[in-house]
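Chains as they are written, first to last, in the numbering used here: chain C, 942 to 1255; chain F, 9 to 263.
It cannot be assumed that every hint is accurate.
As the list claims (entries may be wrong) - Keeping only pairs whose Cα atoms sit at most 25 angstroms apart, straight-line, the calculated BS3-like set for lysine-lysine is:
id, chain 1, residue 1, chain 2, residue 2
1, C, K946, F, K129
2, F, K254, F, K240
3, F, K183, F, K207
4, C, K1220, C, K946
5, F, K124, C, K1116
6, F, K210, F, K169
7, C, K1116, F, K129
8, F, K129, C, K945
9, F, K169, F, K183
10, F, K243, F, K207
11, F, K255, F, K240
12, C, K1116, F, K132
13, C, K1247, C, K946
14, C, K944, C, K1247
15, F, K169, F, K129
Hint data in this document are derived by calculation from the structure and do not stem from the laboratory.
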Amino acid sequence: MSKKKIIIGLILLAYAVIPVTSPENIVHLMTITGIWIIIASGLNLLTGYMGYVSFGHAGFVGIGAYASALLTMRLGLSFWSGALLASLITALFGLLIGLAILRLSGTYFSIGTLILGEILYSLYYNWSPVTGGFMGLNVPGVIFNIPGIIHFEFELIHWYYFVYILVFLIAGGLKLLVESHFGKELIAIRENESLSESLGVNVNLRKSQCLALTCFLAGLGGALLAHFMRHVDPASFAIAASTEFLTIVIIGGLASLVGPFFGAYVLITLSLYLEILGKWRMVVYGLIIVSIMIYARGGIAGILEKLFKTEFRK
Amino acid sequence: MTLLASENLCKSFGGLAAISDVSFEIRAAEILALIGPNGAGKTTLLNLITNFIAPDSGDITFRGETIYGLPRHAIVGIGIARTFQALTIFENLSVEDNIAIGQSSARKSGLRNILKNISNKGLKRQNDRTLRQRLNDVMDFVNLHNRLLTRTVSTLSMLEKKRVAIASALASEPKLLLLDEPLSGLNQSEAWELLDLIKTTKNSGTSILLIDHNLEAVMSIAERVLVLNFGKLIKEGTPSQIIKSKKVSEVYLGK
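Pulled out of the complex, with its shape left as it was, chain C reads as follows:
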């Protein structure tokens, strides 16, 4: 067994024992962070690998959250089919909106997504009959049911394991994807779109596929958040939330598979420990993020890569 396999085994083991050994509030935070990792991993595909910076990502997460909430509440679907359908709806939305916004590049794409995020936020806030307006919706929890065999309602510990199984499955899937020629093509698009096209990369198709995948994961994250918190409201999908997802990706390390993990944990730890600073919290938080962006452009993954002189990938 290689050293790498042992390390991965130990990490997985640590994840497995955390809920047993840690207080409930930590497990709760870890679960939310896990969902953030799913969303940020998707965003990393779009922003880190393909180079399209989205400033309105929370809007997509919102689609998944509201769609899953409404599908289970209004149509009586189970969480499982509701969440899957909600993710697919978000991906479809990404494909359709991509027809317009993927024609933009660079800063213009970012401005486009910023506006899109704002439009979606307004929609969640103002379309009260459907979204519950600023009060939001109370969402049913998750029931695991195999008729006649097992039936229980998801509690914190189930959520924790469920989310992290998804996190690692998705990380594995993304690893396959970015190491394939598909991943190389995304990076080529980031580096030079017209050169990629002239070398035979179907740029438009790859861009739509990438956005759809990113949106699928955003939708999935949204659906998980809605049912885990048992509540959705527009505030969770405002621009501030979009900025947070982007921050996770950037401080974790753009175009690194483990980047979203580092980014999410650092962000949540920072926001916890900086609580004592009161209103100065945001200043210090901002300084840390700006320093990482100036002095360590590869993010935390980049720093570790330099330290260990190895490609740091899971």
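Knowing the structure of chain C, use the given hints to seat chain F on it.
Chain F in isolation, oriented as in the chain C frame:
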């Protein structure tokens, strides 16, 4: 045998006729040079052939079929590859990745294929090996040493970068290679080395349309030469005919 034919091609930008009524053909396995003063429309013509811009009228056929309306990436798929005027390669990527991107039309990289590859590892390994072999062949062909494979392109010399650009264009195994000023930025001896490569490429069966300002070099390797001036084709012939042409020397030296 005609490989590519252009018929009455016209393209204007605003009121300026960049290409007017240009007809010519590129034959199989030949080096055709395209010369003319700055602003004559050489690069515009190349952009028309690769569908980077659409013509106002006229048609371009490749192996008998019109290329009009084909998406840009599909132009590579039918066998036309190009390089750009200012050296354009993926500076931040490795040599290997640069060339692999050139294989995009041969590599089935769609999402469906990733799933298929997981289910059929043997086939994937075999495909990978073939493509890998081709990548190495292309490296050999353009005279890039294997140890450069993992080097980041930005660390290479100018000549090596030019070789990478040509290698990634050749990676799609084109029937026609369009080279836009490949010799610019090279010194005399480097230029001769690159010309050697262009000749070898032609000898391996790939036709070449060569744009360059280094007339001495161009005349030494081209079989036929087209001269453009103000968007019009003013002369077509062998290098010796072109050199003797009064019309051409007027364009370059004035009346």
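How the hints compare with the structure:
Between C/K946 and F/K129 the CA atoms are separated by roughly 21 angstroms; this keeps the pair inside 25 angstroms, and the hint holds. Taking the CA atoms of F/K254 and F/K240, the gap is near 16 angstroms; set against the 25 angstroms cutoff, the hint holds. Taking the CA atoms of F/K183 and F/K207, the gap is about 14 angstroms. The hint holds against a cut of 25 angstroms. A hinted pair counts as satisfied when its Cα atoms are at most 25 angstroms apart, and C/K1220 with C/K946 does not qualify at roughly 44 angstroms.
As the CA atoms of F/K124 and C/K1116 are separated by approximately 16 angstroms, the hinted pair is consistent with the 25 angstroms bound. The straight-line distance between the Cα atoms of F/K210 and F/K169 is roughly 20 angstroms, inside the 25 angstroms bound, and the hint therefore holds. Straight-line distance between C-alpha atoms of C/K1116 and F/K129 comes to about 16 angstroms, which keeps the hinted pair within the 25 angstroms bound. Taken as a hint, the F/K129 and C/K945 pair is honoured in the structure, with Cα atoms around 23 angstroms apart against an allowance of 25 angstroms.
Annotation: proposed proximity of F/K169 to F/K183 holds, straight-line Cα distance about 22 angstroms (limit 25 angstroms). A threshold of 25 angstroms between alpha carbons decides the hint, and for F/K243 with F/K207 the separation of about 23 angstroms falls inside it, so the pair holds. Of the supplied pair hints, the one linking F/K255 and F/K240 holds, its CA atoms being roughly 13 angstroms apart against a limit of 25 angstroms. A hinted pair counts as satisfied when its Cα atoms are at most 25 angstroms apart, and C/K1116 with F/K132 qualifies at roughly 17 angstroms.
Annotation: proposed proximity of C/K1247 to C/K946 holds, straight-line Cα distance about 21 angstroms (limit 25 angstroms). Of the pairs offered as hints, the one joining C/K944 and C/K1247 holds, with about 19 angstroms between alpha carbons and a cut-off of 25 angstroms not exceeded. Among the hinted pairs, F/K169 with F/K129 is inconsistent with the structure: their alpha-carbon atoms are about 34 angstroms apart, more than 25 angstroms.
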